[in-house]
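Given only the sequences and the hints, what does the whole structure look like? Please build it.
Number of protein chains: 4
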Amino acid sequence: MIILIQCTDQVGLVAAISKVMADADLNIISMREYVNVEANRFYLRLEIMADIINAAHVEAALLNVLPPGCSIFIQPAVKKKVAVLVTKEYHCLGDILLRNYFNTLGASVECVIGNHETLRSLTDKFDIPFHYVDHLDRTKAAFEEAVSAVLGNYRFDYIILAKFMRILSPGFVAAYPHRIINIHHSFLPAFVGASPYRQAHERGVKLIGATAHFVTDVLDEGPIIAQQIIPVNHAHSVTDMVTLGKEIEESVLAKALQLVLQDRVIVDGNKTVVFEN
Amino acid sequence: MIILIQCTDQVGLVAAISKVMADADLNIISMREYVNVEANRFYLRLEIMADIINAAHVEAALLNVLPPGCSIFIQPAVKKKVAVLVTKEYHCLGDILLRNYFNTLGASVECVIGNHETLRSLTDKFDIPFHYVDHLDRTKAAFEEAVSAVLGNYRFDYIILAKFMRILSPGFVAAYPHRIINIHHSFLPAFVGASPYRQAHERGVKLIGATAHFVTDVLDEGPIIAQQIIPVNHAHSVTDMVTLGKEIEESVLAKALQLVLQDRVIVDGNKTVVFEN
Amino acid sequence: MIILIQCTDQVGLVAAISKVMADADLNIISMREYVNVEANRFYLRLEIMADIINAAHVEAALLNVLPPGCSIFIQPAVKKKVAVLVTKEYHCLGDILLRNYFNTLGASVECVIGNHETLRSLTDKFDIPFHYVDHLDRTKAAFEEAVSAVLGNYRFDYIILAKFMRILSPGFVAAYPHRIINIHHSFLPAFVGASPYRQAHERGVKLIGATAHFVTDVLDEGPIIAQQIIPVNHAHSVTDMVTLGKEIEESVLAKALQLVLQDRVIVDGNKTVVFEN
Amino acid sequence: MIILIQCTDQVGLVAAISKVMADADLNIISMREYVNVEANRFYLRLEIMADIINAAHVEAALLNVLPPGCSIFIQPAVKKKVAVLVTKEYHCLGDILLRNYFNTLGASVECVIGNHETLRSLTDKFDIPFHYVDHLDRTKAAFEEAVSAVLGNYRFDYIILAKFMRILSPGFVAAYPHRIINIHHSFLPAFVGASPYRQAHERGVKLIGATAHFVTDVLDEGPIIAQQIIPVNHAHSVTDMVTLGKEIEESVLAKALQLVLQDRVIVDGNKTVVFEN
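Residue numbers (our numbering), protein chains in the order written: chain A, 171 to 447; chain B, 171 to 447; chain C, 171 to 447; chain D, 171 to 447.
These aren't lab readings, by the way, just hints derived from the structure by calculation.
Honestly, I wouldn't trust all of these hints.
For identical chains, the list gives no copy identity; a pair is met inside one copy or between any two copies.
Said to hold, decoys possible - Below, simulated BS3-like cross-link-like pairs (lysine-lysine); rule was C-alpha separation at most 25 Å, straight line:
(1) Lys-258 to Lys-295
(2) Lys-441 to Lys-250
(3) Lys-249 to Lys-416
(4) Lys-251 to Lys-295
(5) Lys-310 to Lys-295
Please read all numbers here as calculations on a predicted model, not as lab measurements.
Pasting the structure below:
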């Protein structure tokens with residue numbers, strides 16, 4: 171049972187919150203708390219030793235002791251659901267499908283939507299519905315409407331862009347605030363936009379990276395969840411970088427999903443507070 | 171102002187402790203708490219927004235709410251002091267002296283003791299007393315007695331073994347429990363004892379490491395504070411490994427000192443709980 | 171087209187070898203050469219811009235200029251084949267099957283042999299033959315005989331132990347010299363043998379690792395191909411370490427396979443010379 | 171004895187070059203060769219087992235077999251010399267002075283020039299001349315002229331900008347082509363220019379970096395020699411990032427200096443070919 175809180179900081183918050191828990195006879199397994207002193211802002215993650223709690227009661231009790239404008243997120247102990255959008259590259263989707271099949275993803279994959287047919291056969295193997303939504307011969311609006319129509323048939327907590335190579339419009343993104351997770355194949359903010367490995371190769375960098383982030387309406391500018399790099403050298407062609415990069419794309423997306431699905435990430439503005447293990 | 175606590179776990183500890191702080195009108199800047207569920211053990215680090223507190227009063231109030239057998243460590247906001255023991259290699263001592271000179275060590279270096287004269291000239295440059303204690307023509311007991319005699323002239327919180335290549339006897343170690351910090355030039359528990367780089371070279375490993383740990387009476391077996399590795403390959407001779415290894419020895423010792431001197435490390439048995447930033 | 175050479179070092183080897191190539195009108199794309207000066211031993215990897223060469227002719231010409239006792243390995247440009255042995259854990263096998271399905275493994279998976287049925291359904295999805303060989307109610311000899319019998323029906327270059335949790339006897343290993351690749355879930359030589367994560371947890375290390383190595387008849391003592399580590403802290407239980415460890419096991423095995431399958435690894439005694447990109 | 175070569179690629183280059191060495195009775199300890207197939211460009215680093223050679227003779231023999239427009243760099247086996255420019259931060263200079271004092275820098279520090287007096291006392295300790303060149307009350311041109319005047323009194327191979335916080339004009343830079351090495355406190359090309367840590371903090375990145383590069387006339391755009399990163403999280407203030415960043419700035423500059431001073435770096439246009447160990 172996880173509770174995430176963010177609010178203006180003031181003296182005695184931890185005492186007040188933990189008293190609420192003690193009064194409700196809830197044992198705190200782990201408390202992670204962070205105060206941004208400059209911004210006078212308080213963030214808390216509580217892990218409670220209980221699968222079911224009276225969430226309404228606890229929330230009311232918390233609202234009673236927290237400053238106005240606070241945000242409380244009580245996560246029911248049910249498995250989350252995700253929808254996955256892909257284009258042609260298999261590595262991130264493959265990793266997600268494997269974890270899903272063996273119950274280690276921390277969520278269940280409800281459907282896969284591809285703007286190419288390429289990954290249908292892989293998805294089929296794992297008995298997950300695959301929906302092909304063509305982006306050719308369609309306006310962006312029409313394409314996104316078609317995607318939304320498919321999504322409308324499912325219930326899900328998050329949309330995962332697992333190497334989905336279309337840029338989503340602000341309108342689409344706004345419909346799922348802080349619920350779309352993307353993997354970008356560069357160490358943001360370096361190499362925003364298209365062909366980051368080509369850009370990296372031309373600049374002659376000695377490290378390449380990948381960034382998992384929530385999607386907002388500015389391209390590659392959303393709150394960063396996780397980043398990772400891998401060393402390269404002069405001998406790596408753009409193709410080599412693409413190949414190497416896939417390894418960290420898969421790994422950093424897996425890590426970001428784990429953090430988000432375990433309710434370890436609090437979004438505040440354009441940043442994240444991430445309470446790792 | 172830092173308070174470290176460890177005790178048996180029970181429901182309501184965080185509430186009780188933070189109520190003590192709130193009652194004393196102390197604002198918690200940062201609280202890091204960890205419960206080892208298997209061992210039913212509770213660890214807490216509190217950073218309080220206050221330079222001076224009535225420590226006796228706070229400790230009494232805490233003892234009142236904590237279970238018996240608890241350990242409370244209230245760290246006065248005064249700069250710590252360290253003594254440094256060395257042999258011939260300069261890199262760790264050099265780094266410590268530089269940080270000390272520019273006030274970024276988080277402690278003041280009170281003296282350097284060498285069982286060789288090699289590092290006197292470096293130490294002299296920074297106006298730190300250097301004491302040469304010869305280990306030749308002496309029994310281990312006599313050598314350690316001489317070291318103790320020098321140390322007896324100084325007040326210090328920790329002894330840093332900055333590539334000090336003599337093994338200290340259990341008797342010496344027992345006099346400074348959890349107060350001697352060593353840098354061992356391997357990724358413990360691999361390559362315990364002498365010539366770890368030679369051992370690593372013979373085994374053909376692809377990574378070499380360094381380990382900073384508290385010294386106990388079993389060689390290289392004390393609680394680990396920090397570890398780091400660096401990649402190597404077939405082309406690295408033992409000498410190359412020694413050279414490369416120095417970089418991480420210096421870096422991992424610096425990190426461990428920072429963690430210890432900022433009161434981020436709680437020792438429990440043969441392990442550490444480390445509350446990093 | 172790859173040529174690997176190892177021999178005693180002497181003046182003029184590179185000149186002589188590259189003259190052989192020039193005479194055969196073969197263009198060298200990349201030459202990686204290493205001389206172990208202490209051991210007076212010479213290693214070379216040549217990448218030639220040609221898919222088909224007269225291997226017998228080139229080998230004869232090389233033998234003409236190399237010192238006696240040299241070893242020449244001319245790798246025909248055909249896709250390698252592998253057999254995979256597993257127990258219950260899916261992550262390494264899953265990664266291998268995905269890469270195999272999308273033609274990025276650099277080899278084709280001929281069969282999977284499991285001493286449990288657990289991974290049959292995954293293997294079936296990818297239309298790779300799965301053979302269950304029971305180890306219960308059988309002597310080790312009888313078990314290995316049964317495995318050998320299955321392997322006898324396939325042609326393969328390497329056997330991959332993808333978290334295969336049985337120790338193979340020297341007799342079995344001797345039948346496939348430098349052709350069995352294992353992933354061990356520790357940073358060897360730390361934590362040899364069973365339950366390395368439990369050992370790591372008890373020792374309180376701050377990094378855990380994984381090691382890919384060729385199997386020899388001494389447990390966990392074969393030539394190391396690749397190693398990797400991941401940071402852990404006090405809060406990681408043994409179970410957490412097992413979970414985290416799987417990520418690097420998969421990643422380090424994938425890297426080792428890539429190195430071996432691209433003919434970048436020369437084994438000499440208990441060590442490897444690895445010519446990375 | 172090191173020889174660096176770059177030229178247009180053609181069949182038989184390695185054979186021809188190694189024949190030149192064999193004819194001159196020079197034993198090749200290590201040969202590192204790289205062909206950029208796309209650009210049809212050949213790079214070679216030869217380490218020869220000889221301290222003194224007839225450089226003119228070898229160069230003539232090489233010119234005879236290499237294509238027109240080739241570049242040959244025969245490095246005499248004499249210790250290199252460096253000049254160091256600094257502002258106020260001590261960490262990079264301190265590291266360089268320590269290595270210089272203990273003869274592990276691979277070069278001798280001839281002088282230190284500061285646009286502040288801050289680091290004079292440190293430099294004095296190591297008996298290296300310190301020159302204060304004021305940038306206040308002076309035009310940039312006058313300032314650079316004064317720096318040049320000081321430099322004119324020394325002989326040196328490289329100028330090291332060890333956290334020198336003034337931007338040098340194209341004219342100044344042009345006087346020392348590929349001979350000025352800078353450490354920039356970001357993972358280039360992210361966060362070019364001033365206050366990269368503030369920029370990184372505002373973007374909420376999860377890794378910060380440092381980049382050592384040759385200085386050209388475009389700010390932070392010169393050929394990259396080495397890069398490194400360090401993880402950060404939400405709890406790191408700008409000040410924390412500055413502190414953490416110093417550790418990798420020092421480490422990545424040290425590594426770049428080692429690579430350059432061991433003649434392992436070939437510059438070609440805006441990129442480097444780096445032959446690491």
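Please write out, lowest number first, the hints stated earlier that are contradicted by the structure. 5
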